[in-house]
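Once you've looked at the hints, dock chain X with the ligands against the given chain B.
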Amino acid sequence: MKKVIEAKHLNKYFYKPVEFHVLKDIDLSIYSGEFAAIVGPSGSGKSTLLYALSSLDREYEGEVLFNDVELKTLTNQKLAYLRNRSIGFIFQFHYLLADFTALDNVMLPGLKLGELPPEELKEKAMQKLDLLGIADQAMKKVNRLSGGQQQRVSIARALINEPRIIFCDEPTGNLDSKNAMVVFDMLKNLTREYDQTILMVTHDDSFSSKTDRQIQLLDGKIIDRETP
Amino acid sequence: MNRFPILKIVLTHLTSRKRQTIVSMLGVTFGITVFIFQAGVITGLQDFFIEKTINSTAHIHIYQDKNQKSPPVLLDVYDADKTWISVPNIKSKEELPKLKRGLQIVEILESYPEVTGVSPSLSTQAILKLGVADISGIINGVNVRKENRLFDLEQDMVSGSIIRLETVNNGIILGSGLAESLGAILNDNITVVSPGGVALQMKVVGILDTGLRDLDNNRAYSSIRNTQKLMNVTGSYITDIKIKLENVERSGTLAREFQSRFGYTAEDWKEANEGIFSVFRIQNIVTYLVIISILLVSGFGIFNILSMMIYEKMNDIAILKSIGYTDVDIRNVFLLEALIIGFIGGLIGLLIGFVFSWITSIIPTNIEGFVSSEYLNINFDPAFYLLALVFGLVATGIAGYLPAKKASKIDPINIIRSQ
Ligand SMILES: Nc1ncnc2c1ncn2[C@@H]1O[C@H](COP(=O)(O)OP(=O)(O)OP(=O)(O)O)[C@@H](O)[C@H]1O
Ligand SMILES: [Mg+2]
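Chains as they are written, first to last, in my numbering: chain B, 1 to 228; chain X, 1 to 419.
In silico SDA-like cross-links for lysine to any residue, where the CA-CA straight-line distance does not exceed 20 Å:
{"no.": "1", "chain 1": "B", "residue 1": "K141", "chain 2": "X", "residue 2": "T15"}
{"no.": "2", "chain 1": "X", "residue 1": "K8", "chain 2": "B", "residue 2": "G114"}
{"no.": "3", "chain 1": "X", "residue 1": "K406", "chain 2": "X", "residue 2": "E312"}
{"no.": "4", "chain 1": "B", "residue 1": "K122", "chain 2": "X", "residue 2": "I6"}
{"no.": "5", "chain 1": "B", "residue 1": "K188", "chain 2": "B", "residue 2": "R164"}
{"no.": "6", "chain 1": "B", "residue 1": "K188", "chain 2": "B", "residue 2": "F35"}
{"no.": "7", "chain 1": "B", "residue 1": "K141", "chain 2": "X", "residue 2": "I6"}
{"no.": "8", "chain 1": "X", "residue 1": "K18", "chain 2": "B", "residue 2": "D99"}
{"no.": "9", "chain 1": "X", "residue 1": "K270", "chain 2": "X", "residue 2": "D65"}
{"no.": "10", "chain 1": "B", "residue 1": "K16", "chain 2": "X", "residue 2": "I415"}
{"no.": "11", "chain 1": "B", "residue 1": "K141", "chain 2": "B", "residue 2": "F93"}
{"no.": "12", "chain 1": "X", "residue 1": "K8", "chain 2": "B", "residue 2": "P117"}
{"no.": "13", "chain 1": "B", "residue 1": "K2", "chain 2": "B", "residue 2": "S32"}
{"no.": "14", "chain 1": "B", "residue 1": "K72", "chain 2": "B", "residue 2": "F14"}
{"no.": "15", "chain 1": "B", "residue 1": "K141", "chain 2": "X", "residue 2": "L11"}
{"no.": "16", "chain 1": "B", "residue 1": "K16", "chain 2": "X", "residue 2": "R417"}
{"no.": "17", "chain 1": "X", "residue 1": "K66", "chain 2": "X", "residue 2": "K100"}
According to the in silico footprint, chain X covers these stretches of chain B (three or more CB under 8 Å from chain X):
{"no.": "18", "segment": "48-60"}
{"no.": "19", "segment": "72-81"}
{"no.": "20", "segment": "100-110"}
Read the hints as simulated data drawn from the structure, not as lab findings. Glycine residues also receive a C-beta, built at the ideal position from the N, C-alpha and C atoms.
Just chain X, with the same shape it has in the complex:
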């Protein structure tokens, strides 16, 4: 059948009730705009955070889990199921335990073709003092070249240079937040005191700003040797091995392999950031709920306008049916009206959403959250735009279907009789 009359009827209906048509389109437009903007901002932030996290956490982190306590020895004696054993106060130590053969493991890891960088390290709590200020922080003892290959520290340096950690005796690099709270600037001499009471005079050779708040406020880097001195341990003592891979997606698989091969805990970056990912999941659910409720409201608007339209166009429906248009034709007229409202409203929504997002992305915001950055990172993924449009069309389609179905059931005899 020729589609022309249906389309023409649809367009005539829509233009004969311009105001309602525009209002219901605006409903869809609003929903889609919010969708694009909110999803763009939230997933943009998430992507930004994930990227930062990937860059500043190891893909795989090997350490000995101090919480994996060996089962109480009493169990060996009383192994019957019915026996209750209670052993209070199993001790857990403050710092991570030593990785035995740690440096050998590093060598083995470096021979893996999939591994692009390995950095052994150890870390300790310490008090940093400058004048009257004293702040607690975490000192990471690293081989700075290796660490740099993993985390590109050099790029995040705001002053000084990483290489001076090797050339200057007792050098230390401070996180930007830490430096600020200490009031320390480049080349200041500070005192670092370990929990064991060892004190070292150290020189600030660099200040580092990663954009990840938590790190910048607590972290300082020094050489492995100096950290071992602070901790009062021998030269082979390391507690952590951080690994960067060629392909991040392989981190889970390789982590399991390393764990069974070396007998230490090997955690991949997703596991390490599990908390953040569950926050993301909740954020996403909230985003979708907001969008769904907006689309529900605009769907209701469409439902209303179509129901009104059908009431007004009763006569037209009766005429069309009496001259041979089928139930399906009539249903399509009203369904098409809903879809056109949804499509045009949706397209405008995409456009406005895009413009809002774009404006937001070029205005400096200097947000300070658990990440800090100068501009909001906004996701412009076309898949979102497609998804938003599909969402809009589905919502309007459902909203239009019920009145359209009702229109198709109208029997012309009832209208003709009542004239």
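Chain B extracted, bound-state conformation:
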């Protein structure tokens, strides 16, 4: 199986307010088509690890390779293209442009990429919204949608450019249990039906147990339970 992301001797420190070694010598690979979960207690460094792997945080020591390219070597321009082309993000707090409609939000990464003419892109965005069961909300401004609906718009947006990998940081953390279930099942469905690679941070065991692989983090170290 092809490696999408590989971390080698990844170390991360925070220097403020006091020096703090958050990630300790992490070696980790995520493979194409995998549905992996990072789990661990609060404060163990799950989010920090996800940010480093997903190109958001490049102030680390060691190496993070995305398709065999070390992230630190990318210029800002190339980094933007990588995020646009190959990465989807879903965060705990629905991370959408509040003044825009659901459809506009989904189209934004596609418009930046510019591979499809706007009309076709719009159609594709509608398909993604339909896939997530919210096609009827397309023309509503996102701040008029419920939390669960907004999170589904985020997923549709993450999907629009068909990225190599989607990073999620507690995508269900802000939802009630019913909606959390719906969103999780949709993510899982994407990995099963469309072979989408997903790396998800969660501290909910009932979800992580349904993924292909759990990466256990404790005090910034991976506790070996890996089954590659």
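Using the frame of chain B, we list chain X with the ligands on its own:
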């Protein structure tokens, strides 16, 4: 890349903060309005004055400069560098000296194809008396037909006619201000006394109003012959030759040519009005300073609103960057916001400025300054309007660039972490 999302983001930002957007637009509008109005009025006045001046001064004026004193003869004896020579009281005469061969020079000048009119003249100070009033003025002795060809006196006559200067013995045409202070009206008989003590009875055959205050208050015209009588000189005595050219722009070049050919001072009209032009230059500097300071203030307004906007839209910036928008895209969003504020504010400013100028130009003002006219002459030159808009855009562009640059430097990780 498709421009749509950027433009859409820009418009959403601008409309989501309507009040600030409008206030900062008004800042630009105010600046541009003042620019248009002030520049229109001031350059309009200047153009009006220049036109009047061109019409009432000669393009080239030939005379003998009485201030060009010959160097003291003592210098011929003591020519060593180390010698100090002091000669007090070199005399300078009251009136301009005679132009020798003056009338011949006039004939030569008339044969130049570029010269459209030549008018020989002489002038003297005189006291004009009517009843108990006596006023000092300047009597210009002219050939009235020739003078008219140069200065279109006929057009400025408020009563009487220029031709009566030739038909009436001892006729005189008074400037309007002069006539008013004398209390003289058409066909009054006045007494004119020269500094040399010669007195002439003269009949007012016309009153002239040029709109140039200084001229109207002092100037009177009479025939060359009568002026020579007043000055007690012979029939060939003239002191000035005034020349009108086909093309005003050639006045400098031709003035230099005439000066070397005839050996007298030949001054072109710009030189003659040097003082006024330096006043204009100062006026223009003041105008630009005022405009620049207003634009500075409106630029600061834009800087403020954008800085606030960026603070509020931190989240949006982080989102856009995390989904692949580049630093340049983000910078363009905010720069475009500034430019749109500048452009719309500027256009409105042009419109209001135009309306103000237009209203001002149709209200009778009867200003009395060094020029008098019934209406303010206002410059509506489109080049101003273009310049004003460019000025506005440059100012807002600069004001927008700094916050825009700052926005483009925002790292999304800092915003995502803090959630
Ligand atoms: N910007 C920062 N500066 C200093 N310390 C930080 C910073 N961000 C996180 N930390 C610390 O690093 C550690 C790991 O944080 P992180 O957010 O990765 O934890 P987490 O596993 O995601 O926790 P949670 O499950 O609560 O989200 C924590 O102890 C946290 O206090
Ligand atoms: Mg976390």
